[in-house]
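Trainee: Work the whole structure out from these sequences, hints included.
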Amino acid sequence: MSERKRVCAYYSHGPHFIRVIGRLREAYPDACITAIVPPRYPASQEWTPLVDTIERTETAHLSPRQPRACLRLLGHIRRARYDVFAVMFDSDQLALLAALSGAPTCIHGTMDGRLVPIRSSVMAAIAVAVGRNVWGRLVYATAWLAVRCLRVRGDQSN
Amino acid sequence: MTTGPRKYRLAFVDLMFSWPPHGGADVDLYETLAGLARLGHEVRLFYPGYEASYERGCADPAGLPFSAEPIPFTWRTFTPRTTAPRFREAIDAWRPDAVFLYHGYFLKPFIAEALRHYPTVGRYYAYELVCPRDALLFRDGAPCTNNYLKTPDACRRCALPQFRERLIHWRMVAWTQEYVAGRAFLPSYHARLLESVRHFSAVIVSNPLMASHLEGITDAVHIFPGGVDLARFAYAEPPAKPRAIILAAGRLEDPLKGLDVLRRAGAILAEGRHDFEIWATHGDYQLSNDWFKTVGWRDPAGVVELIEQSDICVVPSIWEEPFGLAAVEAMAAGRPVCASRVGGLQTIVRHGETGFLFERENAEELARYLAELLDDSGRRRALGAAGRRIVETKYDWNRVIEGHWPPFLERLLS
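In order, the protein sequences belong to chains Z and C. Sequential numbering of the first sequence, starting at 1, is according to this note's numbering. Sequential numbering of the second sequence, starting at 1, is according to this note's numbering.
If you are wondering where the hints come from, they were derived from the structure by calculation, not from laboratory data. The model shown is predicted, which means the values in this text are computed figures rather than measured ones. Errors might be hidden in some of the hints.
[Claimed, not checked] Derived CB-CB ranges, DEER-like: (1) C:Glu364 with Z:His76: 20 to 30 Å; (2) Z:Ala127 with C:Ser414: 58 to 68 Å; (3) Z:Ala43 with C:His169: 23 to 33 Å; (4) Z:Val134 with C:Pro143: 54 to 64 Å; (5) Z:Val130 with C:Glu364: 49 to 59 Å; (6) C:Leu287 with Z:Arg79: 29 to 39 Å; (7) Z:Ala127 with C:Arg164: 46 to 56 Å; (8) Z:Ala127 with C:Tyr235: 55 to 65 Å; (9) Z:Gln66 with C:Gly40: 37 to 47 Å.
[Claimed, not checked] Derived, one-sided and incomplete: chain Z residues facing chain C with beta-carbon distance under 7 Å: (10) Arg40; (11) Asp112; (12) Gly131; (13) Asn133.
Backbone N, C-alpha and C define an ideal beta-carbon position, used for all residues, glycine too.
Mentor: Spelled out as structure tokens, the structure:
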């Protein structure tokens with residue numbers, strides 16, 4: 001008999017968490033689904049019957065500025081050896097977390113509850129994050145120069 | 001022989017549309033198009049089918065009660081160079097009598113320019129036209145008196161720092177994405193925006209404050225209120241329970257929605273009484289205590305359920321709310337509303353008749369009104385009933401559409 005698939009849904013602020021949990025259960029009806037949610041995130045009939053296990057993060061807002069807590073969470077996720085790891089947004093940080101989770105299948109949920117595959121290795125996720133950071137700084141520098149050096153003709157505040 | 005009003009072919013462009021809705025603007029557009037279709041007009045929505053965004057373009061045209069055409073984009077192609085010709089091509093193929101440019105941010109002027117061969121109408125829900133910082137026109141704890149159309153350099157300087165973190169950490173929300181794509185930091189953007197507003201056959205806004213900002217730029221400004229679908233609200237007595245429920249619903253994570261004011265008012269009330277509980281649609285469950293409970297985000301149906309369980313609704317916003325849908329929804333369910341005396345809220349809530357208006361950020365005054373309502377269930381019922389009557393006559397979507405659109409279209413297209 002084959003072992004049940006292990007699926008993890010990692011909560012981050014977003015109104016679509018419950019919608020995504022529903023879609024995960026539809027997509028993996030026989031899987032053991034674990035939801036990782038903030039400490040006081042309320043269990044409700046809307047979603048708890050759809051998951052098998054609820055785990056709580058150490059704090060409500062986990063960010064890269066808390067490296068130890070992040071490493072503990074990551075270690076916990078990797079030890080669980082999930083087959084599918086789902087995050088709620090397609091941000092760089094969550095893509096990196098998904099890539100580091102070790103799960104062979106990583107997905108992000110959209111606002112309307114769709115499950116979209118994340119195709120990114122750890123190195124690719126880091127490269128994308130660094131590339132975007134550099135690009136963002138360049139765009140901001142351009143905008144800063146334009147705003148500081150170029151005036152709008154006819155401005156009543158000048 | 002008499003003939004009815006002329007029927008038109010009306011194209012709507014909305015750069016932010018999603019269904020299920022992400023906010024009041026989506027609901028407004030949906031109800032407007034459904035209402036115009038009911039009136040016999042031929043309507044079609046053109047929106048970006050935008051797979052990679054959680055903010056825009058998540059809608060299935062087959063599930064909409066009107067014709068809709070998604071135009072595919074990715075974040076790379078969502079630029080003026082691509083959006084303007086693609087929307088133009090799609091709209092030209094449909095040949096409408098008029099085009100309505102609905103929700104969107106810094107790309108709207110480019111699309112307006114591409115559609116100049118039609119009578120075009122611009123729709124602005126908040127203050128996006130006059131505040132490139134965040135469309136809120138609120139700074140340092142007070143309404144801002146600047147206006148990008150008239151004081152662009154001050155507004156450009158004010159807006160710029162808002163984008164720093166978002167650009168560096170790639171938090172490309174729709175506002176930032178369009179700011180960069182439209183190069184709204186350049187002086188040429190201001191000229192383009194001004195030109196588009198002057199060229200619009202009409203501009204539709206949500207409240208008199210926004211209309212006043214357009215004085216001297218265009219005379220063709222129309223104020224259209226939002227509305228509610230009355231069928232969604234049961235209008236029944238709240239269920240009996242040991243503690244009365246005071247509800248605040250909306251995007252309360254935004255500090256301008258004034259949750260802090262309500263919590264301060266709750267703390268004042270909690271000093272002397274324990275017969276109430278405040279519920280807030282907020283995602284931070286750490287805020288909960290004996291008398292305050294965060295109930296997470298809710299979709300529109302979930303919000304209606306919460307309102308129906310509640311006894312009193314509060315809208316404590318501190319910015320100039322363009323409309324105030326939360327207040328209208330509460331009134332539709334027959335609940336008394338305590339709202340800040342700001343923006344559209346002060347025209348929706350009638351002080352002493354359908355609820356109470358309190359001064360912006362005045363938690364003591366709010367606590368006083370809440371105590372008054374908690375003490376008198378008969379008063380709550382009377383105010384709620386009056387609110388329901390006002391919604392039935394003024395804010396029911398059918399009334400809004402039938403009252404505003406036929407004369408507006410006649411004037412625009414006759």
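Trainee: Hints first: check each against the structure and report whether it holds.
Mentor: Results for each hint:
1. C:Glu364 with Z:His76: 20 to 30 Å: 47 Å, violated
2. Z:Ala127 with C:Ser414: 58 to 68 Å: 59 Å, holds
3. Z:Ala43 with C:His169: 23 to 33 Å: Once the Cβ atoms are compared, 32 Å apart, the range 23 to 33 Å for C:His169 and Z:Ala43 holds.
4. Z:Val134 with C:Pro143: 54 to 64 Å: 38 Å, violated
5. Z:Val130 with C:Glu364: 49 to 59 Å: 51 Å, holds
6. C:Leu287 with Z:Arg79: 29 to 39 Å: 32 Å, holds
7. Z:Ala127 with C:Arg164: 46 to 56 Å: The hint (46 to 56 Å, Cβ to Cβ) is violated, given that Z:Ala127 and C:Arg164 are roughly 23 Å apart.
8. Z:Ala127 with C:Tyr235: 55 to 65 Å: With Cβ atoms ~57 Å apart, the hint holds.
9. Z:Gln66 with C:Gly40: 37 to 47 Å: Distance hint for Z:Gln66, C:Gly40 is violated at roughly 59 Å.
10. Arg40: 4 Å, holds
11. Asp112: Result: holds, 5 Å to nearest chain C Cβ.
12. Gly131: Violated, because the Cβ-Cβ distance from Z:Gly131 to chain C comes to roughly 9 Å (cut-off 7 Å).
13. Asn133: 6 Å, holds
When the structure is compared with the earlier hints, violations turn up for hints 1, 4, 7, 9 and 12 and for no others.
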